[in-house]
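Peer 1: I would like the entire structure built from these sequences, with the hints used as guidance.
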Amino acid sequence: MQLIKFSNINGALAAATCTLLAGVSNAQADEKSNDWQFDTAIMYYGEPDRVQAVEGVVSATKDFGDEHVFSTKLVLDTLTGASANGAVAQTSAQTFTRPSGNGEYTVEAGDTPLDDTFRDTRVQLNLAWNQPWGANQKVGAGLHISNEYDYLSVALNANYALDFNRKNTTFSVAASYAADEYSPEGGIPLALSKMAIRGDFANDDAFNSGFDDTRIGESENKDTLDVIFGLSQVINRRWLVQFNYGYSQVDGYLSDPFKVVSLVDDTGSALGHYYESRPDSRSKHSIFAQSKYHFDSLVWDMSYRLASDDWGIDSHTLESRLYIPLSDSAWITPHVRYYQQSAADFYRPFVQGDLAEYMSADYRIGQMTAYTLGLKYTQKLSDGDELSMRLEYYQQTPENSGFNSPGQLADVDLYPSVSAVIFQLGYKF
Numbered sequence: 001m002q003l004i005k006f007s008n009i010n011g012a013l014a015a016a017t018c019t020l021l022a023g024v025s026n027a028q029a030d031e032k033s034n035d036w037q038f039d040t041a042i043m044y045y046g047e048p049d050r051v052q053a054v055e056g057v058v059s060a061t062k063d064f065g066d067e068h069v070f071s072t073k074l075v076l077d078t079l080t081g082a083s084a085n086g087a088v089a090q091t092s093a094q095t096f097t098r099p100s101g102n103g104e105y106t107v108e109a110g111d112t113p114l115d116d117t118f119r120d121t122r123v124q125l126n127l128a129w130n131q132p133w134g135a136n137q138k139v140g141a142g143l144h145i146s147n148e149y150d151y152l153s154v155a156l157n158a159n160y161a162l163d164f165n166r167k168n169t170t171f172s173v174a175a176s177y178a179a180d181e182y183s184p185e186g187g188i189p190l191a192l193s194k195m196a197i198r199g200d201f202a203n204d205d206a207f208n209s210g211f212d213d214t215r216i217g218e219s220e221n222k223d224t225l226d227v228i229f230g231l232s233q234v235i236n237r238r239w240l241v242q243f244n245y246g247y248s249q250v251d252g253y254l255s256d257p258f259k260v261v262s263l264v265d266d267t268g269s270a271l272g273h274y275y276e277s278r279p280d281s282r283s284k285h286s287i288f289a290q291s292k293y294h295f296d297s298l299v300w301d302m303s304y305r306l307a308s309d310d311w312g313i314d315s316h317t318l319e320s321r322l323y324i325p326l327s328d329s330a331w332i333t334p335h336v337r338y339y340q341q342s343a344a345d346f347y348r349p350f351v352q353g354d355l356a357e358y359m360s361a362d363y364r365i366g367q368m369t370a371y372t373l374g375l376k377y378t379q380k381l382s383d384g385d386e387l388s389m390r391l392e393y394y395q396q397t398p399e400n401s402g403f404n405s406p407g408q409l410a411d412v413d414l415y416p417s418v419s420a421v422i423f424q425l426g427y428k429f
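FYI, in our numbering the residues of the sequence shown are 1 to 429.
Treat the hints with caution; some may be incorrect.
[To be verified] Once the Cα atoms are required to be at most 30 angstroms apart in a straight line, the calculated DSS-like pairs of lysine-lysine come out as: (1) K376 x K62; (2) K73 x K222; (3) K284 x K73; (4) K194 x K222; (5) K138 x K167; (6) K138 x K62; (7) K284 x K222; (8) K73 x K138; (9) K284 x K138; (10) K62 x K73; (11) K73 x K376; (12) K62 x K167.
Simulated from the structure, these hints should not be mistaken for laboratory data.
Peer 2: The following block contains the structure:
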């Protein structure tokens, strides 16, 4: 299930910061330059009473000389727990059909409806090659493959960079194309069809027939094109800035087959739950700015990202990291991230009356704010290896974007917050 994504280790930034703070000698770096370099990590992500995830990452890089660099990364993660299905909470217990059509689950009165059958394992492989092209240019290409039991993604990417202005300015462009196939358990639901509940049918055969009527096939596809243009500038020996413009175009099946929207009456009572419907295309524009400044002993990394798409979602992301040396071989990195977004035009926590052509109660495309607070400790070992530990707290707060809550819905929490703890242990050698 494509429900949460994780941020992997930013190896390039970490390596650059290590050089600044730890004072690693050039001789030591040259000694290892022709060896394979490995970066490993294991991460835990946990939401109370919801999703739990464990992710392992192994990255390997080798310079074959003259900056001809091959890199690869293998990711394995497992996810279990409960995920919100989009239905509204009620003052009485509710029963839902599992996505497979086999079995039911019951949600207690006042609780957010969560599907507790969320289990998945993902294997991801990345391959990349980068090399110089002429005196002041670099090119690269890569392959990405990610496989889950119900999801397959294959992507190709390429990048180009040009240094000029005495190599103080770099222009870059990168593009990727991904082809994804979604094959959810139980098949693809018919948009806006009503969830079949066993208790509404006379027998199992009638229910199975009713469930099949809500399916349109076993799988669907989507294609994604991403392009990023970048410009980085060395201001002086301490200060580096970067600006990016990004464009993303996604076409195909963009609904979540596990999400429903509740139809309620004037008393707030649910009359039924209908599978969501999203547009089959999405265009997004983004602007990104980043500044890295090296003080006498500190490095401050600050960035801002503005994104806007044709679904009506506008988002702002402000992020800061401060690299603080504790000794010649150890440093800590406090991390703060703030995120805010508006709701999609078709977001509805519930519907009354007629169903709309497009509608979704998925809180991830609703109005929200979120923040992350974290701290990372890094220790450079005597042999040049590196050990790191990272602990972060994440808080996401959905917000009401102007909907009135009829009847009993005023007595339940329609916008519950979600929190998570993230712990990562890394070793580089």
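Peer 1: Flag every earlier hint the structure violates by its number, smallest first.
Peer 2: No hint contradicted; all consistent.
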